[in-house]
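Participant: Make a model of the complete structure from these sequences and hints.
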Amino acid sequence: MALGLLGGVLSDIALSGVNFSLAGNGGPECIDYIPPWQRWLETLIFSSVSFYGIYCSIGNLEFGSTTPPAQIVIDKKALTNGNSENGKDLAADTREIKCHSNITQTKQVAQTYIQTLLSNVVDTVPALGFVQQIPTRELIFRFYVTVFVIELCYKTLTRTLIFFLNPCHLSTVLQLILLKIPQENHGPWAVQLFRFHLYTVPGALMALAFPILNTRLMIGEMFIYFVQHILIVSVPFYLMSIKDTYSPESLTNYSWPMFSASLLVLYHFLFLQTVSLLTQVNLNCIMCPAVSDPLEADSTESWLWAIKVYWLFLYSPSFTVLLTCI
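Numbering of the sequence shown is given in the UniProt record's numbering, commencing with residue 1 and proceeding in unit increments.
Among the hints, erroneous ones may be present.
Stated by the list, open to error - Taking lysine to any residue pairs in the SDA-like style, the calculated list, with each CA pair at most 25 Å apart, reads: (1) K180 x E29; (2) K155 x S11; (3) K180 x R142; (4) K180 x I219; (5) K155 x Y225; (6) K155 x H169; (7) K155 x V173; (8) K155 x E29; (9) K180 x A204.
No lab work stands behind these hints: they were computed from the structure.
Facilitator: Shown next as structure tokens:
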């Protein structure tokens, strides 16, 4: 009884507000846009290729490695001697630097050491770089959460919560997780999550290029749409700017594009398409073209995914090139 009532409430919040009279939103005409045989054939082909892609790539994924941070051992006298005249006593104090990383981290050790000297002179806490970094990261996180919650409120008020299954919201959730992982806990799995999430970002670029706005009728809905998708595209650049945290795979590694594209194809054809068939809601335009789709044709799904997969293979490597140039 209670479960049935809860299911009814969730169904009302998630589905009852979907307006099937709007173009590209769903309904019987959208479900019948292409013949069933074509839909099942496309599903069979794309799913089979995707499973094979995962099988071929999962063993060759480039795993992110974490090198233990350089250890800096500073004499306790130095920390209590910050008021010494002109900092002369600081130079006399013993400071031992133990570096267990490669040569490229030597610069970081030296910079941290210099920061420690300066911080003692002005009676501040060492590691000023991290103090400057944390507020920016937290500010971005809080702003992003605010945008996400506002979008959630819009979907709840319009009773169209089912659209939260679209990949752009998946991108937002992954980015919020990546922003919230403490810097000292950035292990290989965090890097892997970052690399996978990069392949969910091109969808936001397509959403900005061909926005679907005919369903956004409340005040501020269009504004939040653009803010969220701009954040999805922008946040990866910030995450990569944080030293010793997130990085894309190398240019020569094609397993990550294959693995990520295969997972996303399976998510669309096996999960989103199943939910769309059961509810008649056009989730992520899996059943029929969007109102802003320039490739409106009977073979639109095949062409769209061919373009998406090709784009995915080019998109993330561009981050590697950009990071190398920087």
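Participant: Next, verify each hint and record whether it holds.
Facilitator: Checked hints:
Taken as a hint, the K180 and E29 pair is broken in the structure, with Cα atoms around 43 Å apart against an allowance of 25 Å. As the CA atoms of K155 and S11 are separated by approximately 13 Å, the hinted pair is consistent with the 25 Å bound. Restraint check for K180 and R142: the C-alpha separation of about 10 Å stays at or below 25 Å, so the hint holds. Simply put, K180 and I219 have alpha-carbon atoms about 30 Å apart, too far for the 25 Å limit, and the pair is violated.
Among the hinted pairs, K155 with Y225 is consistent with the structure: their alpha-carbon atoms are about 12 Å apart, no more than 25 Å. Only pairs whose Cα atoms come within 25 Å are accepted, and K155 paired with H169 is accepted, the gap being roughly 12 Å. Among the hinted pairs, K155 with V173 is consistent with the structure: their alpha-carbon atoms are about 16 Å apart, no more than 25 Å. Restraint check for K155 and E29: satisfied, since their Cα atoms lie roughly 24 Å apart, inside the 25 Å limit.
With a C-alpha separation of about 21 Å, the suggested pairing of K180 with A204 holds against the 25 Å cut-off.
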